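Combine the two chains into a complex, taking the hints into account.
So the protein lines, in turn, are chains A and B.
Counting in this note's numbering, the first sequence runs from 476 upward without gaps.
Counting in this note's numbering, the second sequence runs from -8 upward without gaps.
Misleading hints may appear alongside valid ones.
Stated by the list, open to error - Cut-off 30 Å, straight-line C-alpha distance, at most; resulting in silico cross-link-like pairs (DSSO-like, lysine-lysine): (1) A:Lys517 x B:Lys62; (2) A:Lys531 x B:Lys35; (3) B:Lys18 x A:Lys517; (4) B:Lys62 x A:Lys574.
Since the hints were made in silico from the structure, they are not lab data.
Just so we're clear, the structure is a prediction, and the values are computed from it rather than from any experiment.
Here is what each chain is made of, one letter per residue.
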Amino acid sequence: GESVGLHLPTLSVQEGDNSIINCAYSNSASDYFIWYKQESGKGPQFIIDIRSNMDKRQGQRVTVLLNKTVKHLSLQIAATQPGDSAVYFCAENMAAGNKLTFGGGTRVLVKP
Amino acid sequence: NAGVMQNPRHLVRRRGQEARLRCSPMKGHSHVYWYRQLPEEGLKFMVYLQKENIIDESGMPKERFSAEFPKEGPSILRIQQVVRGDSAAYFCASSPREGYGYTFGSGTRLTVV
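Next comes chain B alone, as it looks inside the complex (with noise of 0.2 Å):
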């Protein structure tokens, strides 16, 4: 089991470019999250997902960003027309259910100059 897998590691966009962050869960676990890391600080909630459907969006920001978990294929964090205010760390976890701790990936940097 190959774990939660995350691409890219590393991600450079120019201001006002789109960036597209991919997580692939743990073989068996439908429930997909996304969190947010800025340098020494916590992680803060974005969307919560399951197979084709959108659970918890709470803290996600309203403009510019979407995310989605197809029935086919890695889940999808999308931030349209980069500002430099989004770059951070950004992490994907999975669960096989809830009420279960999450297994994290190794999360993508995503750096805009």
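The shape of chain A in the complex, shown without the other chains (with noise of 0.2 Å):
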């Protein structure tokens, strides 16, 4: 499930399972992440972040790694439910400055 370009990729998950969701981040001196959640006609909804100098922060069902060596971000969210079905975004910020550089999104579909 890794943000490509313009069509959302899907990441279709049975309830109950795990969800991994991957991000590919663009800038080397970012040092602020953060994953959104985006369901239909709303708008996009905080969920977790984490900071340069970690590499794995947990929050309720929601677990956010980060690779710096790779550029590399995902969202595992534990025991899927229909409620989790939405958009995800990751988003980058650079130290440097105070915008939000978001991925293309990946689309979770839950099913029952």
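So this is what it looks like as structure tokens:
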């Protein structure tokens, strides 16, 4: 489920399974990363963030992993639920500025 | 705290008209950002403002688009002489300071007919 280009890649997941969404970020100077969830017709909703001095951070049912060597970010959702169906975006921010740059997004479809 | 408030939610304009999109940031947030989203695409940065100042407008088209965040009142994104290609969802976000994640509003969906 890596974010690529204009057409949203889709990750189909069985309810109860774990989901892994990947993101390749672009700027090695980025030091702050965020995952957002966007449901149809709504604005992006903050899920979890991580700073570049960490490689893992856990929230409720979600874990973000950061690999700075290969500029890769992933979001793991444990025990995926129907309410997790949405488009997920990663975003990066450089220390020198305050502008979040978003990836292309991955659609997650949870099958009952 | 009501969150980031955007209005209107939906806006229909004829080609050549002006569109004004409003955004009230969260209480205590002095940084405002505007993003544009086309269907099935990610969010594209347009402009970053603080009170009475444009900090970064590198994502704004050179013509017809302007933004402001006055000392009093909401931030306004203004599109003059709209064209069909301006049809999109426009999202506003705010943050309390630099280096923090944004809180987004529900967006304004602009349709140019």
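Now the hints, each set against the structure:
1. A:Lys517 x B:Lys62: Status holds; Cα separation ~28 Å.
2. A:Lys531 x B:Lys35: 27 Å, holds
3. B:Lys18 x A:Lys517: 21 Å, holds
4. B:Lys62 x A:Lys574: Holds - the C-alpha atoms of Lys574 of chain A and Lys62 of chain B are around 22 Å apart, at most 30 Å.
Consistency with the previously given hints is maintained throughout, with no hint failing.
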